[in-house]
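For this one, chain R is given, so just place chain W on it according to the hints.
As given, the protein sequences belong to chains R and W, one line each in that order. Using our numbering, the first residue of the first sequence is number 6, and each one after it goes up by one. Using our numbering, the first residue of the second sequence is number 343, and each one after it goes up by one.
Bear in mind the hints are in silico, worked out from the structure with no lab data behind them.
Subject to a maximum C-alpha distance of 35 Å in a straight line, what follows is the list of computed DSBU-like cross-link-like pairs (lysine-lysine):
hint, chain 1, residue 1, chain 2, residue 2
1, R, K70, R, K45
2, R, K70, W, K408
3, R, K45, W, K366
Here the structure is a predicted model, which is why all the values come from computation and not from measurement.
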Amino acid sequence: MKDIHAYLEEFEDIPGTRVYTAARARKGYHINQFAMSLMKADNRERFKADERTYLDEWPISEEAKQALLDRDYNRLLDLGGNIYFLSKLFSTDGISFAEAVSTMTDMRFPEYREMMMNGGRPAEGNRSIKEGN
Amino acid sequence: MARITAGVASSHVPLLGVAVDQGKADDDYFGPIFKGYEWTKAWEKDQKPDVVVLVYNDHASAFDMKLVPTFAIGCGERFAPADEGWGPRPVPDVIGHPDLAWHIAQSLILDEFDMTIINEMDVDHGLTVPLSMMFGQPDQWPVKVIPLAVNVVTYPVPLGNRCWALGEAIARAVESFPEDLNVQIWGTGGMSHQLQGPRAGLLNREWDNRFMDLLVGDTDEARWIPHIEYLRETGSEGIEMVMWLIMRGALGPATRCLHRHYHIPCSNTAIGHLVLEPTGPSEAAAAA
Chain R
6 MKDIHAYLEE FEDIPGTRVY TAARARKGYH INQFAMSLMK ADNRERFKAD
56 ERTYLDEWPI SEEAKQALLD RDYNRLLDLG GNIYFLSKLF STDGISFAEA
106 VSTMTDMRFP EYREMMMNGG RPAEGNRSIK EGN
Chain W
343 MARITAGVAS SHVPLLGVAV DQGKADDDYF GPIFKGYEWT KAWEKDQKPD
393 VVVLVYNDHA SAFDMKLVPT FAIGCGERFA PADEGWGPRP VPDVIGHPDL
443 AWHIAQSLIL DEFDMTIINE MDVDHGLTVP LSMMFGQPDQ WPVKVIPLAV
493 NVVTYPVPLG NRCWALGEAI ARAVESFPED LNVQIWGTGG MSHQLQGPRA
543 GLLNREWDNR FMDLLVGDTD EARWIPHIEY LRETGSEGIE MVMWLIMRGA
593 LGPATRCLHR HYHIPCSNTA IGHLVLEPTG PSEAAAAA
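Bound conformation, chain W alone:
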């Protein structure tokens, strides 16, 4: 039986991809950011996940305004890195897991989450930067990846509660897949940042850290945070953090934090990173 063994949250700032691709990850500016991922790189080598369900948002790369799916799942065999205006990143193609992806898609629809199915698309920095942060620069990515794209650009974007519930439904779907697979779920984007208007540059260390606190343990308070709070407290692009809730929802009633990292700034953005594992129903009951 397939099972979700861990959740990872990470920012996906495009400049981090540039730093990796141009060999700047150790310099004074980027060094402190990448240092916070060293633990996770070693841990991933040890964990050897078979598949990552990678929750991210497309930044006007695969989708333009012609089509705006709220939740879409990549069921294709492979996904090439997108040309975002300066040529594609020099990273390997992302290899999908169509059997599990289609199983999740079908299960989610029966579970009343009406997913958009993607067979062909290119994937942008939202998906490839987290892979670089966790796996460095391999010839091939060491995992299969199921892209799960969320609209966090055109309002209304999905509510936090809906994201959390989608995560719970993804976990149910994974658990009903017969093959024995070690599956991780990653939530990407955030943390506080605003890329537009006179208020651009807003960062909020205190709020971001409170949000990370809320993803650990048995509280589900974060699912009820309204959009307006993300917008006021974390900037217009801080709304990407609803994608972390899909990851958290998939981990079940309670989590333990294995690793945590926070750094300001990277370009316009606050960097946040968490590694969580589900503590399971028995431990959750004992803690209650």
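If we strip away everything but chain R, and leave its shape as in the complex, we get:
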């Protein structure tokens, strides 16, 4: 049997990546369930009309509420958000998956799109923090 501690520890060595572990899933539970609520058109309307009031209905930390209002997706990943759930938020905003994803990188969307057209971000140099490969 695999050791769960060793299994999870390896994930922390991947540069620029937050693997959606059980610990993150627990921490971000209400962030993700809030995002899920935006699957319903009525909820989307209410959220758009007054984001802050809508967020106050959820047991989410002040820090996470601010990150949601700011659309700070890297911060939300740290707070346990998952990208498939957060996608309900950027769909509500009417922006594409690729554009939303680009906001988590150090590129603007046109540069990000250009990188993808040219074969994407290489694995080389992005595999391991420790190994630097």
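Showing chain W alone in chain R's frame:
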């Protein structure tokens, strides 16, 4: 007797569904992607499968964080396309095959795969995009579909070896169904992509192609690839490729490749597509 006659692997990027639904499949961006599916569309018309066991993952559509089944099988009569936040895709309902689905579910449990049973759910792009890629825009899908949903979102997701073994067990279950049915198994998702964090946009043409090589012939090396390798080499969402191993496992000891297609990029993702057929025990023994 029912039998699994072929396996299909395909990416299921939501943007491909948008391209089909909005008639953009021939434009400069999408044209080269869809061209790689033309062979398969013609082949499927000829094969006329009765049922597809369609391995996919739900993207926070039918399942939220309230319930996270590792392996779940759709035993219902029909499944409607999900509203993923911008209205359901304009595609037909997916018609199930409850007799075969329940037979597979029961057989798998006796075979020590403790499946979650789904009677009612909507199906998202993970399931409907591959149907559009293989069948275009018909009024009704030309096959019955048994959805088989895999958790590839919340870790730990199932190990590659477990996925392969589940595929083997699905094949045994199908073969013990008395009705004469032509069954295909599809593995969807992948290939390399990362949708989150500063490393987003990672693609790996070389690794993806090596993975496709490993699904052809009599090697079972791919079942032993550890999760950390998918994550490092193919991005955080590249882990979806474990679903291709369920398809490969169901094809038995050896396969022949009928069709292969690879393209970069589609949105954030590398597109991969394979059509495989089992070569059968006698041919596998001769090759060994």
